[in-house]
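Q: The chain contents come next:
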Amino acid sequence: MPARPTFERELRDLQDELLVMSSMVDKAISRSIEALKNRDLGLARLVVSDDQKVNDKRFEIEEKCILITATQAPLASDLRTIVAVLNVITDLERMADHCVGIAKIAIMTGNEPPLKPLIDIPRMAEQSRSMLRRAMDAFVARDVAAANAVANEDDIVDQLYDQVYRELLTFMLNDPRTIDRATHLLWVAHNLERIGDRVTNICERVNFLVTGRMEEYKAAKQV
Amino acid sequence: MDNTQIKEAPQDASAEGYNTPVATGGKSMEIRNLKAYYGSYLAISDVNMEIQPNKVTALIGPSGCGKSTLIRCLNRMHEVTPGAPRVEGEVLLDGQNIYAPSADPVKVRRLIGMVFQKPNPFPTMSISENVLAGIKLNSGRLNHAQAAEIVEQSLHRAALWDEVKDKLGKSGASLSGGQQQRLCIARTIAVNPEVILMDEPCSALDPIATLKIEELIEELKAQYTIIIVTHNMQQASRASDFTAFMLAQDGPGHLVEFGPTQQIFTRPTQKRTEDYITGRFG
Chain A
1062 MPARPTFERE LRDLQDELLV MSSMVDKAIS RSIEALKNRD LGLARLVVSD DQKVNDKRFE
1122 IEEKCILITA TQAPLASDLR TIVAVLNVIT DLERMADHCV GIAKIAIMTG NEPPLKPLID
1182 IPRMAEQSRS MLRRAMDAFV ARDVAAANAV ANEDDIVDQL YDQVYRELLT FMLNDPRTID
1242 RATHLLWVAH NLERIGDRVT NICERVNFLV TGRMEEYKAA KQV
Chain B
2 MDNTQIKEAP QDASAEGYNT PVATGGKSME IRNLKAYYGS YLAISDVNME IQPNKVTALI
62 GPSGCGKSTL IRCLNRMHEV TPGAPRVEGE VLLDGQNIYA PSADPVKVRR LIGMVFQKPN
122 PFPTMSISEN VLAGIKLNSG RLNHAQAAEI VEQSLHRAAL WDEVKDKLGK SGASLSGGQQ
182 QRLCIARTIA VNPEVILMDE PCSALDPIAT LKIEELIEEL KAQYTIIIVT HNMQQASRAS
242 DFTAFMLAQD GPGHLVEFGP TQQIFTRPTQ KRTEDYITGR FG
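Taken in sequence, the protein lines are chains A and B.
Going by the numbering used here, the first residue of the first sequence is number 1062, and it counts up by one from there.
Going by the numbering used here, the first residue of the second sequence is number 2, and it counts up by one from there.
Source of the hints: derived by calculation from the structure; they are not laboratory data.
You may find that some hints are simply not true.
Here chain B is said to cover these stretches of chain A; the calculated rule only asks that three of the stretch's residues, wherever they fall, bring their Cβ under 8 angstroms from a Cβ of chain B [what the hints assert, rightly or not]:
id, segment
1, 1092-1102
2, 1135-1143
Just the calculated beta-carbon pair ranges, DEER-fashion [claimed, not checked]:
id, chain 1, residue 1, chain 2, residue 2, range
3, A, 1187, B, 64, 52 to 58 angstroms
4, A, 1124, B, 212, 22 to 28 angstroms
5, A, 1121, B, 205, 37 to 43 angstroms
6, A, 1121, B, 273, 34 to 40 angstroms
7, B, 261, A, 1123, 25 to 31 angstroms
Nothing here was measured: the structure is a model prediction, and the numbers come from that model.
The C-beta atom is built at its ideal place from N, Cα and C for all residues, glycine as well.
All chains should be modelled from the sequences, with the hints used to inform the complete structure.
A: Written out as structure tokens, the structure reads:
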């Protein structure tokens, strides 16, 4: 029997809730891009309304963190787990907001003719989703190497973003009538790029969770 | 500190500086290869630590790990506990070995005071007499004005003056548990120590009295070096600057990890420390 069965159950439950929240965000990314691609206004509206559920889940987890801190006085790796969870839910909540941003663009542009078939934007979304899932796996496994590998893949998202940006710029230069639609797509790409950055934050938290060190990948890269 | 300070027994109170109750500031301590025995039983083995001056160092660890034995070795109290006690190794106070053959244990205990788990004011003495008890035991003689000044200064420093200034003649036993403990701290301070040892000073106190003692510890470290044994992990994390974790698993008590408190309680380097402070021990 573990030395602190109640506490350990609470920590396990907390992590389970975190995984539930991350799968809600995963679904939001997937649905917002599907809605944009298929001009599915109903699905886009669902992403917008479901955001409330993500927000509620975030507060629910935050409350649990406060309660565990107040009742169990967590220290060392337990304390770092609570702090990491508090940070990750903030990132997840913001990622869901970016999905709302994408969904709103899907609603705004749903009745316009499409500018072009979407290729790189869905790729960015798939890459971000894959990174998110593996970042959460690394969190659960306390696997720094896996987290670092995921964070490195953010470059792929950034490269796709550059590609989308250049392509849309070409459209706008060739035909100023496309500026509105191209700008909207640029916002979508920007939202996805931000989602990738938020996944990197989660990877940083995995590092903190395991080592206790707070380091930014971006800062390390620039050196 | 000059060499004579821990060697000569005090002759006269004023010669000892009792009439100037201004602390000289905390001194550093260094523990070198310390072993403590009860008869042939080795209770703690090979402890090496450097205690920083004017800092609070907490000793934590499960019951029986030797932390109380260790703290009692730091002012030569171990040798007067029952059970054929013996100490090997060195304990330096500001560079001077308190176990040197020429060192006077009575002097050592004046420079390195101790506050115990249970508040233990002398029940038949008044509050004032309690504060002065240490000086009197050290055969110090004081005139009335000196005594009054020491009582007031010591009680001020122990954050008790305002609560007892109108009843200094009353018995020390008439105070609450938390006040009694602060009275014991005042008694320790009155002899102008350089280091104050505290062996679970709050374990018999309620949470409010405990917080008052912790606040007091924070104030006292400006003038003294403080070493505290505590079972309360939160207390160690709140009140100390450095933490030492001791363990007696399959052998004598020894030091497992010693470092800044902030680090010990957020990212300890040893798994056994982590297991203990997170309650996963055993």
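Q: Hint by hint, note whether the structure agrees.
A: Going through the hints against the structure:
As drawn, the segment 1092-1102 of chain A meets chain B at 0 residues by the rule of a beta-carbon pair under 8 angstroms; below three, the given contact is violated. Only when three residues or more bring their CB closer than 8 angstroms to a CB of chain B does the claim for the segment 1135-1143 of chain A stand; here the count is 7, and the claim holds. Between residue 1187 of chain A and residue 64 of chain B the beta carbon distance is about 57 angstroms. The supplied range of 52 to 58 angstroms therefore holds. Between residue 1124 of chain A and residue 212 of chain B the C-beta distance comes to about 27 angstroms, which sits within the given range of 22 to 28 angstroms.
For the pair residue 1121 of chain A and residue 205 of chain B, the beta carbons lie near 41 angstroms from each other, so the given range of 37 to 43 angstroms is met. Under the hint 34 to 40 angstroms, the C-beta atoms of residue 1121 of chain A and residue 273 of chain B, about 35 angstroms apart, fit the expected range. A hinted range of 25 to 31 angstroms for the beta carbons of residue 261 of chain B and residue 1123 of chain A is consistent with their spacing of about 29 angstroms.
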